[in-house]
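Colleague: Sequence:
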Amino acid sequence: MDSVQIDSVCNLGSSAIVQIKTWMEVCQRDHQVCKNRQDIPFSATEPQFRLIDVGNSVESAVYLVYSGDIVGDFNYITLSHRWTEETDKTKLTRSNLHQYLTCMPYMDWPATFRQTISIARQLQIKYVWIDSLCIIQDQQDWAVQSQLMHRIYAGGVLNLAAVTTPTMANGLQLHRDPLEISPCILSGRVPEYGTSVRYFLCWRPNEFRDRVDNSPLYQRGWTFQERLLSKRTVHFGPQLYWECAALHASETFPIGVDTPDQPTFVDDFVQRLKTQLQTPRQGEDKARAARDLHSIWCSIVRFYSKTELTKESDRLVAISGIATSIMNLYAFQSDEYIAATWKPCLPEQLLWARDENCSHWSKDKGNFDYAPSWSWASCSGR
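Taking this note's numbering, the leading residue of the sequence shown gets 1, the next gets one more, and so forth.
Any given hint could be a false lead.
Unchecked claim - No more than 25 Å apart at the CA atoms, straight line, and that leaves these computed lysine-lysine pairs for DSS-like:
(1) 91 to 311
(2) 306 to 89
(3) 21 to 35
(4) 126 to 35
(5) 343 to 306
(6) 89 to 21
(7) 91 to 126
What the hints assert, rightly or not - Distance windows between CB atoms, simulated:
(8) 73 to 210: 37 to 43 Å
(9) 331 to 190: 51 to 57 Å
(10) 285 to 308: 36 to 42 Å
(11) 48 to 124: 21 to 27 Å
(12) 187 to 48: 39 to 45 Å
(13) 33 to 335: 27 to 33 Å
(14) 83 to 33: 30 to 36 Å
(15) 60 to 210: 46 to 52 Å
(16) 32 to 60: 33 to 39 Å
No wet-lab data here; the hints were simulated from the structure. Please read these numbers as outputs of a predicted model, since none were measured by experiment. For every residue, glycine included, the Cβ atom is placed at its ideal position computed from N, Cα and C.
Whenever a hint applies, use it, and build me the whole structure from the sequences.
Modeller: What follows is the structure in structure tokens.
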């Protein structure tokens with residue numbers, strides 16, 4: 001993969017789009033683990049979901065469409081973001097649904113939403129899915145559409161994630177210092193290696209962990225599921241970061257960094273889970289499947305349980321998409337998943353303990369009535 005020349009100011013028409021296109025092309029062409037992923041097509045009997053039709057140019061009208069009304073195969077982009085006060089001002093409601101089906105006033109939207117539309121157009125992807133604009137924000141529609149969210153994120157060709165400040169005023173972070181992003185190469189002589197001049201590449205081994213894994217976005221429960229289920233994600237931070245099951249990369253290192261001695265961080269965990277969730281296992285020996293499942297699920301619970309939710313009642317719903325993906329992976333039945341635990345390895349999964357040092361651990365034990373007391377999901381915190 002050739003390195004893309006980094007502009008002094010990155011804008012949506014320059015190196016950012018070129019780099020995203022390059023990553024997508026390489027992934028779709030060369031990454032076998034990503035190509036092996038078996039998407040589950042939506043059936044005609046399932047509820048339709050809404051998408052934003054952004055057209056092909058800046059002059060195109062923007063409006064909502066129903067997935068069932070689109071003829072033939074289609075690609076779409078999804079967005080992972082944190083809600084703000086600005087989100088509430090533009091959200092889809094029953095009162096503006098008719099208007100949004102005709103024309104959406106996207107120029108009045110927060111910068112993050114406008115930039116998502118611009119990126120989709122420049123990537124020649126006609127449809128975009130944004131939760132607050134595609135789900136009517138009431139209990140009735142939420143109850144239906146929230147059950148489809150895992151399929152929606154898994155089915156998207158690309159997910160965009162805003163991993164910087166929660167505010168949407170500045171949108172996706174697209175301005176950065178090229179000197180910070182360009183690799184720093186030092187030269188010198190080291191006696192242990194002889195008298196010839198040697199070159200050394202300076203880099204931050206914890207870059208992905210610090211800028212992506214520990215970002216405000218991924219402290220939220222819903223976004224953990226979105227990240228894990230998306231085929232490909234571009235994280236917008238101090239620079240662009242790419243993530244799929246086969247590659248972690250950045251603008252500094254567009255083909256990734258091969259460092260066998262690097263400590264294992266959360267980013268390795270996410271990539272490992274993505275790979276596991278994209279490897280078909282039907283027909284696997286039951287005992288082995290149970291062992292594999294227990295290992296995968298424990299890793300998921302450890303990470304997910306430390307995330308935060310605006311409504312703790314969403315604790316089971318916000319992980320249900322991952323559970324459904326695992327059911328399809330192992331060909332399990334729906335009755336084998338109970339209150340965020342699995343029947344094939346239930347005895348082991350009842351052996352859980354609470355981390356009292358967790359930052360948002362509730363002192364009053366925080367037991368909730370949406371999960372039975374024997375499930376880890378009945379308590380807040382890790």
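Colleague: Hint by hint, say whether it matches the structure.
Modeller: For each hint, the structure was consulted:
Restraint check for residue 91 and residue 311: the C-alpha separation of about 18 Å stays at or below 25 Å, so the hint holds. Distance restraint check for residue 306 and residue 89: the Cα-Cα separation of roughly 30 Å exceeds the 25 Å cut-off, and the hinted pair is therefore not satisfied. At most 25 Å may separate the alpha-carbon atoms for a hinted pair to count; residue 21 and residue 35 meet this at roughly 17 Å. About 22 Å separates the Cα atoms of residue 126 and residue 35, which keeps this hinted pair within 25 Å; it holds.
For the hint pairing residue 343 with residue 306, the CA-to-CA distance comes to about 23 Å; that is within 25 Å, so the pair holds. With a C-alpha separation of about 32 Å, the suggested pairing of residue 89 with residue 21 is violated against the 25 Å cut-off. The straight-line distance between the Cα atoms of residue 91 and residue 126 is roughly 21 Å, inside the 25 Å bound, and the hint therefore holds. Between residue 73 and residue 210 the beta carbons are some 39 Å apart, a value that agrees with the proposed interval 37 to 43 Å.
A beta carbon spacing of about 56 Å between residue 331 and residue 190 agrees with the range 51 to 57 Å that was offered as a hint. Roughly 38 Å separates the CB atoms of residue 285 and residue 308, a value that falls within the hinted 36 to 42 Å. In this structure the supplied range 21 to 27 Å holds for residue 48 paired with residue 124, their Cβ-Cβ distance being about 24 Å. Checked against the hint of 39 to 45 Å, the pair residue 187 and residue 48 fails, with Cβ atoms roughly 60 Å apart.
In this structure the supplied range 27 to 33 Å holds for residue 33 paired with residue 335, their Cβ-Cβ distance being about 30 Å. For residue 83 and residue 33, the hinted distance range of 30 to 36 Å is satisfied, since their beta carbons lie about 32 Å from each other. In this structure, residue 60 and residue 210 break the distance hint of 46 to 52 Å, their C-beta atoms being roughly 38 Å apart. Taken as a hint, the range 33 to 39 Å holds for the pair residue 32 and residue 60, whose Cβ atoms sit roughly 36 Å apart.
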